[in-house]
Amino acid sequence: MQVRADAAIVGREPQHRSACVSPTQLLVPTYTQMLRAQSAWLDKAVAHRQATGDEPDAAMTLRLAPDMYPLAAQVRFSCFQAMEPVYRLRGEPLPAALLALREAGWNADAQPGSPADAQAIIAGTLTFLGELAPDALDGGAARPIALELPNGIAFDMTGEQYARDWALPQFYFHAIAAYAILRHHGVELGKADYVPHMLAYVRPGTIPQG
Numbered sequence: 000m001q002v003r004a005d006a007a008i009v010g011r012e013p014q015h016r017s018a019c020v021s022p023t024q025l026l027v028p029t030y031t032q033m034l035r036a037q038s039a040w041l042d043k044a045v046a047h048r049q050a051t052g053d054e055p056d057a058a059m060t061l062r063l064a065p066d067m068y069p070l071a072a073q074v075r076f077s078c079f080q081a082m083e084p085v086y087r088l089r090g091e092p093l094p095a096a097l098l099a100l101r102e103a104g105w106n107a108d109a110q111p112g113s114p115a116d117a118q119a120i121i122a123g124t125l126t127f128l129g130e131l132a133p134d135a136l137d138g139g140a141a142r143p144i145a146l147e148l149p150n151g152i153a154f155d156m157t158g159e160q161y162a163r164d165w166a167l168p169q170f171y172f173h174a175i176a177a178y179a180i181l182r183h184h185g186v187e188l189g190k191a192d193y194v195p196h197m198l199a200y201v202r203p204g205t206i207p208q209g
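As numbered in numbering that gives the first Met the number 0, residues 0 to 209 make up the sequence shown, in order.
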């Protein structure tokens, strides 16, 4: 069983399976590309704050709204969300170190850390993802997944549904929040910074000059 790439209607399974992608192919490249981009955003954030005379470390306390988590939490949650599916799809318990990372996200207001700390978390996550076998998660597509949230809500789904309907949206939520926080606070980011991996697909001669 594979993750279906053609499920366009929420809540309904597709009638045709003309295009399929495995859980590993779906999740690992996506997480890797976006975390590399996030690392570059942090570099730009540090440069921006140095240019404006602001303390770079204070960037990790920035947020979009008073009741939202700060940048430090968004980075930590992005990395947590990138690693959590590996264990769930393999039927393994989440290790203590990963749970500690989630806890650090919840406590980011008290201990936001520095951009260097955030970069170290991203680098560790990228190393973890880079060491996975090409089919590391594929055996979990049909695995029953029981997802229990801290507030008591519980979800029951297959690994395929988990990857498509939870793992990817949750990751992107925090990745986009990090991007939006930095953009809102003056860091010069654009679409090319959000999806730099797309440059690999550019047709020669089509990039505007000047």
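Treat each hint with caution, since some may be false.
[Claimed, not checked] With a straight-line cut-off of 20 angstroms between C-alpha atoms, the simulated DMTMM-like cross-links for lysine to aspartate or glutamate are:
id : residue 1 : residue 2
1  : K190      : D42
2  : K43       : D56
3  : K43       : E54
4  : K43       : D155
Everything labelled a hint here was simulated from the structure, so no lab data went into it.
So, going through the hints one by one against the coordinates:
no.: 1; hint: K190 x D42; verdict: holds, 16 angstroms
no.: 2; hint: K43 x D56; verdict: holds, 13 angstroms
no.: 3; hint: K43 x E54; verdict: holds, 14 angstroms
no.: 4; hint: K43 x D155; verdict: violated, 40 angstroms
In this structure, only the earlier hint numbered 4 is contradicted, and the remaining ones agree with it.
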